[in-house]
Amino acid sequence: MTEKPGAAAAAAEGGALPGEPLLRVRGLHVWIEGSHILQGVDLAVPASGVTALLGRNGVGKTTAVKAVLGLVPRTGEVLLEGRDITARPTHEITASGVGYVPEDRGVFNGLTVAENLRLAERPRGRPRYGLVHELFPELRKRAGQAAGTLSGGQQQMLAIGRALLNENRLLVVDEPTKGLAPRVVAEVADAVARAAAGVPVLLVEQNLALVRRVADEAVVLDAGRVVHTGPAAELLEDAERTRELLGVSRAHNAEEGEGR
Amino acid sequence: MSTVVLLLATGLGLGALYFLIASGLSLIFGLMDVLNFAHGAFLTVGGYAAWWASVHLPFAAGGGWGFLGAVAFGTAAGTAAAFLVELLAIRPLYGRHREQILVTVGLSLAVPALVQGIWGADPLTFPRPDIARGTVGVLGAAVPRDRLLLVAVAAAVLGGLLLFVRRTRYGLIVRAGVEDRAMVTALGIDVRKAFTLVFAIGGAAASLAGALGGLYFGVVTPTQGVSLLIFAFIVVVIGGTASITGCALASVAVAMIQQFANYYTVAGLGDIAVVAVLAAVLLTRQGGLTTRTAERVA
Numbered sequence: 651m652t653e654k655p656g657a658a659a660a661a662a663e664g665g666a667l668p669g670e671p672l673l674r675v676r677g678l679h680v681w682i683e684g685s686h687i688l689q690g691v692d693l694a695v696p697a698s699g700v701t702a703l704l705g706r707n708g709v710g711k712t713t714a715v716k717a718v719l720g721l722v723p724r725t726g727e728v729l730l731e732g733r734d735i736t737a738r739p740t741h742e743i744t745a746s747g748v749g750y751v752p753e754d755r756g757v758f759n760g761l762t763v764a765e766n767l768r769l770a771e772r773p774r775g776r777p778r779y780g781l782v783h784e785l786f787p788e789l790r791k792r793a794g795q796a797a798g799t800l801s802g803g804q805q806q807m808l809a810i811g812r813a814l815l816n817e818n819r820l821l822v823v824d825e826p827t828k829g830l831a832p833r834v835v836a837e838v839a840d841a842v843a844r845a846a847a848g849v850p851v852l853l854v855e856q857n858l859a860l861v862r863r864v865a866d867e868a869v870v871l872d873a874g875r876v877v878h879t880g881p882a883a884e885l886l887e888d889a890e891r892t893r894e895l896l897g898v899s900r901a902h903n904a905e906e907g908e909g910r
Numbered sequence: 007m008s009t010v011v012l013l014l015a016t017g018l019g020l021g022a023l024y025f026l027i028a029s030g031l032s033l034i035f036g037l038m039d040v041l042n043f044a045h046g047a048f049l050t051v052g053g054y055a056a057w058w059a060s061v062h063l064p065f066a067a068g069g070g071w072g073f074l075g076a077v078a079f080g081t082a083a084g085t086a087a088a089f090l091v092e093l094l095a096i097r098p099l100y101g102r103h104r105e106q107i108l109v110t111v112g113l114s115l116a117v118p119a120l121v122q123g124i125w126g127a128d129p130l131t132f133p134r135p136d137i138a139r140g141t142v143g144v145l146g147a148a149v150p151r152d153r154l155l156l157v158a159v160a161a162a163v164l165g166g167l168l169l170f171v172r173r174t175r176y177g178l179i180v181r182a183g184v185e186d187r188a189m190v191t192a193l194g195i196d197v198r199k200a201f202t203l204v205f206a207i208g209g210a211a212a213s214l215a216g217a218l219g220g221l222y223f224g225v226v227t228p229t230q231g232v233s234l235l236i237f238a239f240i241v242v243v244i245g246g247t248a249s250i251t252g253c254a255l256a257s258v259a260v261a262m263i264q265q266f267a268n269y270y271t272v273a274g275l276g277d278i279a280v281v282a283v284l285a286a287v288l289l290t291r292q293g294g295l296t297t298r299t300a301e302r303v304a
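One line per chain: the protein sequences are A and B, in this order. Heads up: the first sequence begins at 651 in the numbering used here, then just goes up one per residue. Heads up: the second sequence begins at 7 in the numbering used here, then just goes up one per residue.
For reference, chain A alone in the conformation it holds in the complex (with noise of 0.2 Å):
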C-alpha cells in the first residue's frame, strides 16, 4: 500500500520535478456541433489536497473534466506528471492511475454492485475492497443488489467506492453531492475528504460548503475559459469576488439547482 505507482512512473521516466503540478493543461479546446465550449483553458492540480473547478453552470467544468480524460474531442495540451497524455485513449488515461467520478455517477444499473466494482479492478492492480467497504459498510451489505435499485445516495457512494477501489494518481470527480439528501451530501463529502488525504483530487462542486470544507485551491471558469485561480479558502472569504465569479447568493444556488 505504500508503494506510489504515480511516483515510480515518474522517476522512470524523468516526469514531475518536485513543485511540478501533477496536472497541467494548457490552451485546451473544446467544439461541440459548433459550439466553442472550451476556449483556451489553463489549469494545473497540484500533487496534494483538492482543486475545486467552479462557476456558474453551462460553463464547461464537466467538459473540461472530460477534456482531460480524452472523454471528448479536444485540442491543446494535457500533461500528467510531466508526460503528455492529450494522444491517448481514454482507457489508457485512466489506467495509468486516474479515477474518475462522473457527473451522472456513472454506475452501471443492470449490473450488480459486486459487479459494478469488479468491473473497475485492475488487472495488475491490487483491489482495496477494504478501504471501499469501510468507507461505504453499505456496498458490502448490497453487494448482490443491482446498481438500478439503488438510491442516489447508495449510486454515488457505489461511484465514488468504484474510483477508489484503485490506488491512483489523481481522483476526477464531478459533482458528487448532486441532487443528493442533505445526509447523503455529508456522507459524501466525507468520503471525499477522507479520500483527499491519499490521492490528490480535481473536485467540480456548486456545494460551496464542501467547496469550503475540503477545498485547497480554487480555479474558476466562466465562459470557457479560467477567470480565477488561487486558494479556495482566500476566494470564498471575498463574498463580493465570489458573488462576482461564481453569480451565488444562496438564493441563487438554489435556484439554480432547480433549473437542472
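No lab work stands behind these hints: they were computed from the structure. There's no promise every hint is true.
Some but not every residue of chain B turned toward chain A, in silico, with C-beta under 10 Å [claimed, not checked]: (1) LEU178; (2) ALA182; (3) VAL184; (4) ALA188; (5) THR191; (6) ILE195; (7) ILE263.
Even for Gly, the Cβ is constructed at its ideal location relative to N, Cα and C.
Starting from the known structure of chain A, arrange chain B on it as the hints suggest.
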C-alpha cells in the same frame, strides 16, 4: 398429433438456426450499435467452408467424425472472417453508423456474389452424417434426427453464451458496455477488445448456423444467409437487443409461428404472420419482449 409433433420439431430446428444467427446480431447491436448486415455473409462462409472441407479435406470427409471436422472447419472460417471484418471494416468506421451500414450491406451482397462466382448458383448437396440420418420416433411422429441435432447444438450455444455474459470478465464488460460504453473506457478498460471478441463470437455462431443449416435444408446456396438474416433481425427486435434469453425465446416463437401458419393456412402466410407479430411487438413493447431497464443482458 404426429403432425403437431413434427411441426414442433421442425419449428424448434428452424428456431435453433434463427437463434444461432440472432444471438450474435443482438450482442453486436447491443454493445457496438452496429447493425451488422454482413452477418448473413458469415453464415454463407460457414456453410460453404464446411461443404468445401467435406469435399476436399480428408479429415472432414465421410459421415461420422468427418462431419464434425467439416462443421469445425466451417465455423473456424466464419469466425476468422468475422474477426477480420471487425478489424478491417468496422473498427475504422467506429461511431459512423451510415458508413458501417454501407460496408456491411456491401459485404452482404459481395460475399454471396463471390461464392456464386466460384461455385455457381446451384444448390450444393451437403454431406449428411450418420447421426443426422433417418428419423426418431417421438410421440408417434417420425422426427428427422437433424432437427434434434440442431436443437441440441443451439441449446449448447445458448448455455455457453449465458456462461460467457454472466460469468466471465469479458461478459461483464459486455453487459456494462451495452449500458454505457464511455464509462467502461473511463474505468480503464479497452472496450474495443470486447468489440472484436463479441463480433468473432457472433460470427462463430452464425457460421455454425451456416454449416448446420446445410443439414436442415440439405443443401447450401449462396443466398441462404441473406434470407435467414431477415428473420434473425425480426427475432432481435422481438427478443430485445443484447438479451440472450429474449433472443432464444423469440427465435422459437418466430419459427413456430412460421411453421404452424404455413402448414395450417396458406404456404407463405407464415412469413406474413411473423411480420404481423413484429408489428404488434413494436407497437406495444418498444424494447422487445424481455428487455427491462435494469437487466438487459442475461
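Going through the hints against the structure:
no. : hint   : in the structure
1   : LEU178 : holds (6 Å)
2   : ALA182 : holds (5 Å)
3   : VAL184 : holds (8 Å)
4   : ALA188 : holds (6 Å)
5   : THR191 : holds (4 Å)
6   : ILE195 : holds (6 Å)
7   : ILE263 : violated (29 Å)
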